[in-house]
Structure formats: structure tokens, C-alpha cells
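Q: Single-letter residue listing:
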Amino acid sequence: MAVDVHAEHTTAHAPPPPRRGMQRLTGPGWLRVLWTMPLGWVFATLLVIGARSAMGFEPLWELQVLIVAWTVVVPLAFLAGIGGFDYWAYWISGKPTRPEDHSGHGARTWRDYFRVNTDHKVIGIQYLVTTVFFFVAAGLMAMFMRAELARPGMQYVDTNTFNGLFSVHASLMIFLFIIPAFAGLGNYVIPLMIGAPDMAFPRLNALSFWLLPIAGLIMLSSYLVPDGGAFAAGWTNYVPLAVNQADGNLMFQMGVQWAGASSIMTALNFLVTIITMRAPGMTFWRMPLLVWANFATSTLVVLATPFVAGSQFFIMFDRVLHTNFFNPELGGDIIAYQHIFWFYSHPAVYIMMLPGFGIASEVISVFARKPIFGYRLMALSLMAILILGFSVWAHHMFVSGMQPWIRIPMMVTTLVIAVPTGIKVFSWLATLWEGRLHFKTPMLFALGFVSMFVIGGLSGIYLGSIPIDIHASDTYFVVAHIHYVLFGGSLFTIFAGIYYWFPKMTGRMYNERLGQIHFWLTFVGFNVTFFPMHWVGLQGMPRRVADYSPEFGNWNLVISIASFGLGASTIVFLYNMIVSWRRGEPAPSNPWRALTLEWQVSSPPPVFNFDEIPQVVGSPYEYGVRGARHAVLNGDRAEVEPREKVEA
Amino acid sequence: MTLVGVAVGAALAVVAVFIPWLPDAASEQAGIVDSVYWVVTIICVVIFALVAGVSVYAVYKFRAPPGDMDDGSPIHGHTGIEIVWTLIPTILVTAIAIYSGVALAQAEDVPSDHRVIAVTGEQFAWTFTYPDIEVEGGRPLTTGELVVPVDQTVEFEITSKDVIHSFWVPEWRMKQDAVQGVTTRTVVKPTKIGEYDVVCTELCGLGHATMRSRARVLSMADFQAWVEEQQRLAREGGAVQGKELFTQQCGSCHTLADAGTTGEVGPDLDEALQGVDADFVMESIVDPSASIAEGYEDAMPDNFGEVFTEPQLEGLVEYLLQATGGGN
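For the record, the sequence lines run as chains A and B. Note that my numbering gives residue 531 to position 531 of the first sequence, counting from 1, and the numbers run on in steps of one. Numbers given in my numbering equal positions in the second sequence, counted from 1, plus 648.
Everything labelled a hint here was simulated from the structure, so no lab data went into it. The beta-carbon is built from N, C-alpha and C at its ideal position, and this holds for glycine as well. Possibly wrong hints are sitting among the right ones.
Stated by the list, open to error - Partial selection, computed: residues in chain A whose CB lies under 10 angstroms from chain B: (1) V419; (2) G540; (3) V632; (4) N634.
Let the hints inform the model, and build the full structure from the sequences given.
A: Rendered as C-alpha cells:
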């Protein structure tokens, strides 16, 4: 029955007629990109050279300035070429907007994934595939690092390359993988979960996605910058090192702008969608926790991200415009940079955690066949983390030389934020209690997340305590901590989410056996890689070093070998995803017997998600409650009344 | 359930207690930091054992049989339990915060009879200045290795000439960033005679990994003797003192077979100094930017002319020429 209805949608929004002749070059698409990008490059170059010669500056070809101009103009030219601005350009210029307005909506062939597409489901998959690409790139960099670190002394790379490796590794993992991977999952799932046909601003959504590969390619191409190569001051890009560095550093400053803009636009879209487009009956207290989590995350993104953008702009101004924000000789303040940077980057840790909390809640509840324990407190603790998350940033600066008194209140808030986090962990455990646990791959990753995240959270208590932090900060203990939080926490939940929604997204089941192998390889490899780092760090090995004291040689060898195993586990994941996507068993609409709305439509869902907007009538987690329903969908209506009568 | 909990707890306690997590404690501050560390460890082990015990038990006990289509018990929450697991962690973290705050105040307490040593970081070396010890020419004693007497509190006044560095001796536990334009402070009362590494923990550029120096803790009598020796060397110079200076100040960046150093940031001096004369060596030390060896960056600190006394510089040049067979 459902299929017929969808076929109708598809024909109603057929692709536009094929373009002919010159139209191929002038219409939105990759052919237009081929000439807009070089044009943008020439324009930016002439602008800089023209302006410099008008001002009498020498030399005319100043790479720093050119990099700034190129990284602003060329991406804009790309976006214009691919068609990111078409609709708005027509509208602003008073021309009729294209009548077949939904032509860029939904995907009929793989080619539609390479277009500006306004369908949140297509965008979600675009996000996930793009972010997995950068995940693999950044992971390979980690492999190079571990190869170098396997033995003390220098073997394969020089220190400049090594510093570049860990800087680009972290930047890609954070800005091009974890944050946007959650945005991708959210993009796919949120409108479905709240019973909406799409996001509130589909065109903005498409634009947000296309900013992302730009940011990633800018960061990656920093390797091509002559004299010094990639940015190599860490992803934290502390001044004055960042200001003194070779030109490649600008690629970080500019890359972050594009990634940040993408984040902010997506977050605004999520907020407006969640606030205004919930299906009738979907009150805030009936929203799935994933939606709550993205609501909190998006608020964090909107409020915090401008600070990291600002911090990197200040560095760029210091370099290019010769301002003195961070030059102490002319009244600048070095430590101020760290305050601005961490005012974003601590909340960013929660930006990278809260959506994972949401995924864990969905997965654990479904695979334990139980309502989530303490739903309201779960939602409120997200809000508590959101608020407290803004008051802890200076715990990254206990040894920075800032005013000593600031450390105390920051320590208190840092430790207190463990309370709402603890509530969540305890509630997940209580959700398992008296459940009927099914250990499918998503559940394994969700449970792996809970246990690993507890270790990361507890090592966070150590680092929150000022005396311990004074000893442990900037050592491998911190490296262990962030990887337990971001790998054991964020990445495990991203894997859980990808496996969980894979049937919905692709319409096919993944290979369960390979999924289980992937989990166990990852779980064991992860722990053997990162747990010994706690010890190595406390013993005195600083982080971000290419060479280290020989006493740590044996443990580093163990860590490196384990990390190669961990890296190899990704091959299993990629193989499973690619092969299952092409040839997996067709997925039923609701393979996990879940109650949330995305599972009540076909896999993959119809272009506009619901043939009729669903009516939400109860909580999304009423497993085991007789006769309870989350929503009434079209066609089910007849069944509802007799059931309610039975209940009465 | 209890059994699982006890087993997990015992296993964790072994890991937590019987592995020597922290290096040797060689200062009063280390004792204080370590006591906080162990209190936090006990609390965290209990919490982790609880979480791990419950997880393992639940995974074992509540796993669904194959083909099971039933749901679990529809438990939505329990206000009492929720209050308990909000309150107890609140109390625990408050206790940790108070204990940490008190410990911090103790660790950073500066008694009136303390010694001040100025620490300057730069790419990629540490310089230590003793403002109350005078050497030749009325200038304060300045060294590349840190030497302190045991059982006397030292307040380090730390700054940087360029990027941020961070001063850390793991066995002392105290760490403090060195920031240009700012004087930061940290306090250490060494309690054990011995030799320790001074490690830079803030990424400072190409030579970050090798930006290390040595901290020696001596008895008061040995310290006095060391001070007098330094004063004598600063007065007399000579190749012997030059070798010592080289090992302390130059070896982290330069390879020199005679001194047994293997730094790779700067040129290998066994090769670079073949067939050069004393003037070139002197110029390369006091004005390193004047001539840069091919394939290297202009990264060497340019302050050695100020840090070293005239006799020290001459001794260093003499030693370098001796060690590389040059000077003819």
C-alpha cells in the first residue's frame, strides 16, 4: 500500500528536464563549478595584487594575504557554481524562482548525492559519507604518528611533519568528523522523529552541508602550502606559536570559519525545526531524547561557535593586518586567546558528547525493550550540562598563568558537571535493569560507550581537581582522557547510530556478524591503545612530542601495535557499510521494533517522510506498557479506538 | 550480583593500587598532590566498580533468549533512587573540590625563608637565574641546568622570551606555563637529593620534544660548593667549563660526539665546525642569525651573548674547536 503512495510523490517531483547546450555550463552543477572556481581564484588574486600595488606594498605576491583571499573567494565561487545560492539569487533579483522547486529534493540516483539537494535525508547521508572520508584521512594520520612513536628517537618523519600530523588529525576529527557526523545523523533522523516532512530551512540545510567539504579540503590542502606545510600548532592553535608559524597555519584559521559557519547554520536549522515543526501532540516531554540532545547541542553551537571563529580571526588579523591582539610587546594578551578559544572549545566537548548521549538513550531503550529510566531527569540533565558547560572553560588553563583565583570556581563547576553526567550514566544502567537485552551491534556500541565514557568521565574528575591537573596537564594522561571521551564516547555512539539507522537510511540490513567483529576489534584495540597512556602521562611523558624519553619505549610500542589493530578495525566497518549498502538484505520498515516515528515509515522513508502528518499521543519509550502508543499514523486510525476502549 | 561487584572491585583495586601510577615523589608538593590523587582514585574506583559490576551483571542476567519478542518491565523511573544518585555524587564532588582547594593552598604556600629562582623558557632551552648569587661582573648566576639545595622552598618566577613553554619536573609534580610578558609563579620544596628531568610540556615548535634540561637537588653543603665552583668558572672560563656549558645549553639541539649529545634541531657540529675559526664559532653563538647552515631554520636563541659571561663564551669556543679538531 505504502509503495503506491510514494510512487505518486516521486512523479509529482520529477527531475527538471535535461539541460542542453550552453545551459549545461550556466545551470547549477559541477560543469559550472569548473569555470566559477578558476574565475574566483583569478578574481581573488587580482584583488590582492591590485590592492597591494595601489598601496605600494612589496612584494605583490604575498602568500599569507593570498591564502586569506583564496580561502574566502574560491569557496564562495564553488558554492555559486554548484548552485548553493541559486534560489536566493533568483528571488533577490526579482526573477521567478524555478517552478519545479522540489526538483532538487530527494535522490533517485547516486548522482543526486553530488548535487545541492534540499532533502534532509539526502543531506544526512551526504554528511555521513563526507565525514567518514575525513575520519579515515585523520585516522591514517594517527597511524603515521603511532608509527613514529613506536620507538623513541626520530624514525620516519621530522618534527615539523609530526606536529602537522597531530594538528591536522585533531582538527579533522573534531571539525570534520565528530561534530558534523552528529549533524548528519541528526539531519537524517530529527525531522522523522518529530513527524516533520523536512527541516525548517531546506535550502540553508543544503548550503550548510556544502560548506563542510570546503572546510575539510582547506585543512587538508594546508599540506600543499610551500615552506612549512600543514599547520602545526595543535588544534588549539595557541598563540604566539600560531602567529609565528609558517603560512600553513592560516589554513586552519580559515578552515575553522567554514566548518563553524556550517555548524551554526545547521544548529539554527535544528532549533527552528525542533521548536516549530513538531507533529501535533509532540510536546517537549514527548520528544525522543535524541531530539532533546540535539536541541541542547544546537543551543551550545549557536552560542559558542562564534568565539572560536573570533579567536581564529584575531590570529589571522595579527598575521595579515599586523594587529596586536596577542602581541605582548604592544599590549596584546597571550592568555586572552586561551580564554576566547576555550569559551568555545569546552562547550564543544559537549557539542561532541550530547548528541551521543541522545543516540545511546534511543539504542539502549530499544534493545533493552524498556522505557528509558527517568526520562525527565535525562532531559533536564542535558539542559544542566548545557548551562554548566559554559562555566568550566578555564579548567583547561589551570597552569596557564591566568589569575590564580579563577581556578577555584572553575574547579567547582567542573566537578559539579559530573553530577548531571552521572545521572545519565546511572539512568542508562537502570534502563538495562529487568530489561530483555538484545546485543545487536548498535547495542554493543552503546554499552561500550557507557563503560568507556565512565572511564573518560572519571579521569575528568582527576583533571578537574587543580592539584592533580597541575601534574597531569599537557601529558599523555590528557591524551588518554580526551580519547576516552571523544573516541570511547563520541565515536562509539556515532558507530551505534550509524548501525542503528543504517537499515532506515539505506533500506538494507548491515551484516550483523561483521558488525560484531568490528565492535570487539574496536573495543579491545581502543582500550589497549589508550589505557596505558594514563600511566605513561602520569610518569612524565608530555603530549605532542615526536620523541620521548627511552623509559617509555616499551609502552609506546604496545600502544602503537594496538593502534594499528584499532585502525584495521575500521576496514571491517567500511567493508560492511559499502557491501551491505549495495547488496545487504532488504530492511523492513522497523527491524528493531522501535516506537519512535522514523521506524513507522518505510525504509528508506518516502521523499516527504510521512504521507500524512502523524498525531503523537504518548511517550516514545513505552516498551512493555500494554496498549501504549507513541503516535497514530495514517491507516492506523481505525485500530485506535477499539484499543482505547479495551483499556477503558 | 554482590559477587560480581566484589570481583570487579577487587580486580580494579589491584590495577589502581598496585601499579605505581605516579613517579617518585621528590618534593613536599608531590606528597600533597599524591594524597589528593589517591583520595580521588579511591572514590573513582568505587564508582567504576559499581558501574562495571551493574553492567556486567545486567548483561549476563537480563540478556534476551534468541527469538525473544517480549518487552522488559515497564519501569519509568524511581524518584527515590534518582535523588540518591544525584545527591551522593554531589556530596562526593563537593568533598573532592574542598580537599583539592585545601591541598592547593598548602602546595602553593610560600614560607618566608624561601629562595627565588627565575626561569626563562625560549625555543628550545631553559635558563635559570639566581638573583641573589653574584658572579663575575656583578651579574646574577645564570645556568642552563637547575641546581637547588634540598629542603629549601623555591619560588620559581617563570617567563618566556617567545612562545609559551611549560616548566615541569614530574617528580616534583608542579607545573607552570611560561608566557611572554607575564611572570608566572610556582612553588617547590625539593625533599630528595637526586637528578631529575626538566620537561617542557607546552607545544613550542620544532624542538619541543627535546626541550629538556636537568634539575639537580644537592645537600646544602654541596649546593654551596656548586655555587662557588660556578663563580670560579665564570671568572676563569676554559675548555672544561666550556664542555659543561655545551652539554647543558646546546646539546638538546646540536649533536656533538665529544659531549655525547644527539640533538637534531640544529646542525651536527661534528660536521658543521670542520675547518672554521674561532671568530666564526663566536659569531655563531652570539649572533646565530648571521650565518645559517643549509637546510636549517633560523631557530637558535640569540641571547647567549647575554646569558654567558665573557670567560664562559671564550671557554665554549675553545672547547668546541678542541672537540671538533678545528681552529687551525
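Q: For each hint, tell me whether it holds in the structure or not.
A: Okay, the hints, checked on the actual structure:
A distance limit of 10 angstroms between C-beta atoms decides the matter here; for A/V419 the minimum to chain B is near 5 angstroms, and the interface restraint holds. A least Cβ separation of about 3 angstroms between A/G540 and chain B falls short of the 10 angstroms threshold, and the interface hint therefore holds. Using the Cβ-Cβ criterion of 10 angstroms, the hint placing A/V632 at the interface with chain B is not satisfied: the shortest such distance is roughly 20 angstroms. For A/N634, the interface hint is violated, since its Cβ never comes within 10 angstroms of a Cβ in chain B; the closest pair sits about 25 angstroms apart.
The structure is inconsistent with the numbered hints 3 and 4, although it conforms to all the rest.
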